[in-house]
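Same order as they appear, the protein sequences are chains A and B. Be aware that the first sequence starts at 0, since it is given in numbering that gives the first Met the number 0, and climbs by one per residue. Be aware that the second sequence starts at 0, since it is given in numbering that gives the first Met the number 0, and climbs by one per residue.
Hints are not guaranteed to be accurate.
No copy labels: a pair is met if it fits in one copy or bridges any two.
What the hints assert, rightly or not - Quick list of in silico lysine to aspartate or glutamate cross-link-like pairs, EDC-like style, CA-CA up to 20 Å:
# : residue 1 : residue 2
1 : 239       : 273
2 : 60        : 210
3 : 131       : 222
4 : 242       : 266
5 : 261       : 273
6 : 242       : 253
7 : 239       : 266
Treat the hints as calculated values from the structure; they're not laboratory data.
What follows is the residue order along each chain.
Number of protein chains: 2
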Amino acid sequence: MSTLVSTSRIAVVGLGQLGASLAMRFSAMGCINIFGVARRVEVIQALVDADHLDGGGTDPKEIIPVVDICFICLPLTQTIEFIKTNLDHFRAGSIVTDVGSVKGSIVDEVRQLLWDKGVYFIGSHPMVGTEKTGYENANADLYKDSICFITPTEDDEPDAINILATFWSEIGATVMELDAERHDLAVANSSHVLHLLSANIVRAVNNGDMDAHAMACAGGFRDTTRIASSDPNMWTEITKHNKSAILNSLSVVEDEIQSCRKLIEADDWDGLNEYLKQAKDQRDAWLDEFGCKRGYK
Amino acid sequence: MSTLVSTSRIAVVGLGQLGASLAMRFSAMGCINIFGVARRVEVIQALVDADHLDGGGTDPKEIIPVVDICFICLPLTQTIEFIKTNLDHFRAGSIVTDVGSVKGSIVDEVRQLLWDKGVYFIGSHPMVGTEKTGYENANADLYKDSICFITPTEDDEPDAINILATFWSEIGATVMELDAERHDLAVANSSHVLHLLSANIVRAVNNGDMDAHAMACAGGFRDTTRIASSDPNMWTEITKHNKSAILNSLSVVEDEIQSCRKLIEADDWDGLNEYLKQAKDQRDAWLDEFGCKRGYK
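Whole structure, please, built from the sequences with the hints as guidance.
Shown next as structure tokens:
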């Protein structure tokens with residue numbers, strides 16, 4: 000572990016699966032100044048008792064003025080509200096980051112406000128977490144072999160960016176720097192829109208001949224719709240914050256459906272075969288090159 | 000095992016994953032009159048040597064005139080061609096079935112031709128098989144705990160229907176009787192169209208910012224697109240044979256995408272939350288009621 004990480008005073012705000020896993024990882028690495036902020040005192044106490052936190056409390060004013068780096072691990076809207084409410088309490092010179100899946104809206108809403116107080120805000124999006132929630136589902140290895148996007152602006156301090164990147168990489172993530180807009184488009188295409196499509200598929204299958212559909216749904220249905228079983232509140236919030244990119248991604252998928260439909264309507268079976276073959280090759284290539292490394296195979 | 004199954008003379012035409020698995024299962028059950036037909040003599044020899052077949056050959060004329068039931072385990076177009084080419088060789092009074100994923104086209108094309116020869120054709124669709132192909136990927140348990148649709152017409156002999164159903168249930172399948180048209184609509188909605196959508200998603204993600212997409216694709220992408228890695232030839236053939244039902248299913252999914260898009264464009268977040276919640280509830284209910292039993296959980 001670098002001296003930077005071991006000697007920093009760290010706050011983790013929000014002790015759900017992502018926040019509690021951060022505390023567990025930092026404590027496992029030997030950090031000794033990890034402080035938690037949560038609404039429920041019993042969650043803080045449980046993590047203090049397990050030596051994952053060195054202290055904490057329900058009042059942010061008692062924690063965030065004294066730390067070097069603050070990880071806000073709350074849902075998107077709450078993250079923005081938390082920062083605005085506590086604007087006067089962050090320490091000048093400290094770094095604030097978050098873990099939200101959408102970066103444009105948060106950077107737009109809070110970066111300048113914090114900058115005006117001398118606080119460095121740089122957005123993070125660690126691609127971790129399961130459909131389970133809460134600190135009971137946290138674990139110290141959650142960030143191991145993960146991807147973490149960070150989305151600094153052109154004006155951000157190189158030192159602050161480097162410090163944040165060091166934290167993420169020390170806990171096991173591969174850090175990828177992107178501007179927030181490019182990040183939001185990429186995750187809309189690669190992840191967010193798939194949650195909507197997965198729900199669309201479930202709803203489409205549940206129109207009509209349910210007796211036959213229930214029997215005809217098999218492994219393809221199970222996998223194609225797995226993420227439709229995710230938390231509706233979380234995905235509504237993500238869609239709200241990444242609205243324009245997601246609408247754009249939906250259009251791209253609709254265009255692909257139209258291309259496919261045209262081939263079928265024209266009985267262009269060679270064309271359809273080539274279309275499906277390209278998709279298979281692209282998917283197999285992704286799985287070989289990236290999926291394997293990250294435990295997706 | 001029923002006397003019906005143990006004393007029947009059985010032909011399996013096509014010794015790929017599905018056909019060879021049938022031979023393995025029948026031999027494991029103690030059937031002693033299982034004959035294979037395949038293009039490659041070495042495949043027949045391998046299965047004879049392993050005691051999965053009692054004999055076989057590359058010439059259907061030597062096998063199909065002497066059996067009581069004939070399972071044709073070839074791709075859809077080849078199944079139709081095989082039956083037409085060998086129309087004079089099937090034994091009057093015998094039962095012929097297939098394993099294709101689409102039933103309307105095959106019933107339309109061959110049932111009457113066989114009926115005119117005194118041969119009973121009833122379509123089957125055992126919902127088994129993986130993305131792997133060939134007899135090397137066969138196993139005697141492939142049909143265990145599976146669903147098998149059979150699609151008799153109103154005019155078919157009850158005795159023939161019962162015999163066919165007995166065969167499938169004795170090898171471990173739950174048999175569901177549906178007319179071919181209803182079957183084809185159900186599998187178009189529940190399975191076939193998902194293969195196209197899965198390919199659409201891969202192609203959509205591969206438009207544009209590949210560096211960021213490659214990193215942003217995670218477990219959701221992996222599962223939503225798993226079936227895009229299936230055999231393009233097979234899915235082109237299925238789409239060709241189930242064209243109108245699949246085009247109809249694509250429209251149903253497109254309507255769902257439009258419903259979702261309208262909620263997002265109108266900033267109707269309560270509506271979107273409710274939409275996603277219904278999809279989650281429907282998918283969770285399917286998994287609890289059917290998915291678990293069939294090993295999908």
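Hints, verified against the model:
Taking CA atoms no more than 20 Å apart as the test, residue 239 paired with residue 273 passes between copies only; the shortest distance there is 14 Å, against 36 Å inside one copy. Proximity of residue 60 and residue 210 under a CA criterion of 20 Å is satisfied in neither setting, with 57 Å inside one chain copy and 41 Å between copies. Taking the shortest Cα distances, residue 131 and residue 222 sit within 20 Å of each other both inside one copy (17 Å) and across copies (17 Å). When the C-alpha separation of residue 242 and residue 266 is checked against a cutoff of 20 Å, the pair qualifies only between copies, where the shortest distance is 9 Å, while the shortest distance within a copy is 36 Å.
Proximity of residue 261 and residue 273 under a CA criterion of 20 Å is satisfied intra-copy only: 14 Å inside one chain copy versus 33 Å between copies. Taking CA atoms no more than 20 Å apart as the test, residue 242 paired with residue 253 passes in both settings, with 16 Å inside one copy and 19 Å between copies. Taking the closest pair of Cα atoms, residue 239 and residue 266 come within 20 Å of each other only across two copies (7 Å); inside a single copy the shortest separation is 40 Å, beyond that limit.
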